[in-house]
Amino acid sequence: MSSSIKTPLSNRIKADGSVTTLEEYQVEYGYQGLKKALDMGSNDLLNLVKDANLKGRGGAGFSAGLKWSFMPPAETNPGPRYLICNADEMEPGTFKDRWLMEGDPHQLVEGLAIAAYAAQAQTAYIFLRADYDLCAERLEAAITEACQAGFLGKDIMGSGYNLDMYLHTSAGRYICGEETALINSLEGRRAIPRAKPPFPQVSGLFGKPTAVNNVETLCNLPHIVHHGVEWFADLGIGEDNGTKLYGVSGRVKNPACWELPIGTTVREIIEVHAGGMQDGVKLRGFLPGGGSTDFLTTEHLDLAMDFGTIAKAGSRMGTGTMILLDDKTCPVGMVLNLIEFFAQESCGWCTPCRNGLPFIRQVLQDMENGLGKTEDLDRLLELCGYIGIGNTHCALAPGAAEPLQSALKYFREDFESHVKNQCCPFGNEKGSGKADHSHAAHTHSHETA
Amino acid sequence: MSDLIATNAMPGTSNWREAIDPLTDAERLEIEHLASHYPRAQAATIEALKVVQEYQGWVSDGKLKAIADTLGMSPDEVDSVATFYNRIYRRPVGKTVVTICDSVSCWIMGYRELQEKLCAHLDTPLGKTTPDGEITLLPTPCLGACDRAPVAMVGEKLVGPLNVDELKALVDQVRGQKL
Ligand SMILES: Cc1cc2nc3c(=O)[nH]c(=O)nc-3n(C[C@H](O)[C@H](O)[C@H](O)COP(=O)(O)O)c2cc1C
Ligand code: SF4
Ligand code: FES
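Just so you know, the protein sequences line up as chains D and C, in that order.
Counting from 1, one number per residue, gives the positions in the first sequence under my numbering.
Counting from 1, one number per residue, gives the positions in the second sequence under my numbering.
For the record, the hints were derived by calculation from the structure and aren't laboratory data.
You may find that some hints are simply not true.
Rough simulated footprint, nothing fancy, chain C against chain D, three-plus residues with beta-carbon under 8 Å [as the list claims (entries may be wrong)]:
#1 86-93
#2 127-138
#3 167-179
#4 187-199
#5 253-260
#6 330-343
Here are a few chain C residues that sit away from chain D, every Cβ distance over 10 Å (derived from the structure) [to be verified]:
#7 I20
#8 D25
#9 A26
#10 R28
#11 H37
#12 K50
#13 K65
#14 S74
#15 P75
#16 E113
#17 K117
#18 P141
#19 L170
#20 R175
#21 Q177
Backbone N, C-alpha and C fix where the C-beta goes; we use that ideal spot for every residue, glycine too.
Given these sequences and hints, build the entire structure.
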């Protein structure tokens with residue numbers, strides 16, 4: 001029976017890369033979760049998702065049900081309300097939502113419709129990053145099919161509930177993934193985060209109550225509604241419920257993304273699923289969940305990949321997609337590459353982020369070029385403090401500090417040997433990082449010109 | 001290459017005063033359709049820029065003004081949006097844009113060699129267009145395909161993992177088809 005399914009989110013995704021059609025999606029119980037949700041009523045649905053303790057898969061792990069419950073009640077606050085699916089996926093090292101959207105777009109459409117109903121929203125948007133052209137094509141088709149089949153639009157399946165769903169394709173900027181920047185972007189503005197409060201649940205898109213949820217979070221909903229809370233809890237191994245999409249990239253034999261019980265150990269993910277390290281290289285450390293999480297090392301391999309366990313170890317599970325550092329790769333160069341990304345993608349609103357990140361980049365670049373000074377190590381740590389939590393409007397800059405501060409802790413001897421030898425021991429001189437971007441044809445050059 | 005820069009129009013240059021280049025019927029219909037998805041037309045700004053780009057390859061000042069008119073905004077407002085996003089081109093680009101990922105997993109897996117060798121092969125630096133106007137080379141942050149690192153996009157097609165020869169062959173093929 002279907003309740004024995006261990007990989008509900010990826011079950012229908014085909015290995016050949018072709019899309020699951022509406023017909024195929026409906027073979028098991030496709031869109032029956034939505035039907036059941038509509039029959040249940042939005043309050044019971046919200047409580048069900050709260051009880052399931054579905055934690056947000058976008059990085060922060062915040063309870064989805066709780067998030068919706070912070071919206072003012074629809075009965076006493078009539079007017080437009082919005083549900084937005086965050087499909088921006090630009091966190092370096094993250095490639096999980098693409099898999100879900102390319103493989104099984106109807107699952108997201110159904111999940112988003114269920115979330116919208118729980119939040120009593122009349123309009124839902126999928127905010128999709130630029131570059132995901134295949135996702136765009138398949139999501140657009142799925143939305144159209146779902147409308148024609150009566151799963152979206154007016155009076156859905158006789159429930160009296162109306163929902164319009166639109167795909168919005170972005171034009172590429174990492175900061176669009178931050179939910180308030182996303183809202184500004186969706187309104188047709190520069191994607192600068194908003195000061196909170198007010199939170200989007202109270203005043204979000206067009207000033208109306210709005211909830212923003214990640215793709216993977218939403219894809220869980222049809223299954224939770226169909227199978228129930230207990231089934232969902234049983235899927236997880238440790239304290240968290242459900243499954244998680246885990247990914248591994250770097251020098252492993254089989255880099256990929258898998259759906260596994262949430263709480264699977266790091267060791268199992270790397271050694272069994274990713275096939276272990278490539279011949280000739282050894283694992284030194286890993287970023288557990290994307291570019292803005294703290295390094296952990298080989299001593300953490302037996303930890304469960306869940307929100308609480310990884311946090312206790314001093315990092316974050318983040319997006320659950322790990323990036324591995326091997327013994328042939330320079331940790332200083334790796335951090336430099338990450339800092340370059342964050343410096344480039346900063347929206348420029350806060351001084352510590354706008355000025356601090358380029359400063360850090362220069363210190364690291366100098367170190368790679370053989371110009372490092374002993375005092376740079378302390379200076380870098382001090383700079384991490386300046387861009388840390390509480391000093392900026394959004395989590396981009398604090399996130400950028402995470403790989404750096406943890407590299408200084410775990411790979412300090414590498415920083416020291418750069419300084420001592422006045423060169424990069426891995427041979428990364430003349431910039432381990434990127435080429436000069438200042439000539440790019442896109443329009444940042446306007447601003448720097 | 002210098003003519004590429006000369007045709008680029010920026011606020012403050014005389015080109016900025018250039019007349020509106022009216023939207024084609026197809027562009028206008030698509031933009032109006034997209035604007036109908038939102039309670040305020042401004043929300044369709046990015047998508048409108050992308051529609052024009054789809055037809056014209058890039059967004060000229062004249063077209064930008066036409067978008068502003070259609071959405072009820074000032075040209076400066078539209079340009080402030082256009083200049084924020086990586087994938088909106090305010091200068092002409094080649095018929096095919098090739099982007100090579102330069103983020104962390106692709107760095108570990110050796111994107112730099114890929115980028116350097118392709119630039120050398122095309123005799124064109126990053127951010128520029130080949131003299132025949134066929135290929136523009138741009139860097140891009142993580143393409144969300146890190147399991148396939150190093151990766152690139154050739155037009156709308158994601159390719160990877162790639163070695164230098166494969167990427168060269170692919171780009172030559174695209175170029176050949178269009179010559
Ligand atoms: C700089 C930055 C980038 C982010 N990018 C994404 C993203 O691409 N996708 C995503 O789902 N969440 C992203 N987030 C987190 C969102 O702000 C938000 O917490 C999330 O979409 C909520 O969904 P969830 O509760 O379902 O996880 C980002 C946050 C920051 C600070
Ligand atoms: S921390 Fe950086 S990205 Fe976030 S609002 Fe401030 S300047 Fe913008
Ligand atoms: S780092 Fe290149 S695709 Fe993710």
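Hint check, failures only: When the structure is compared with the hints, numbers 11, 12 and 18 turn out to be violated.
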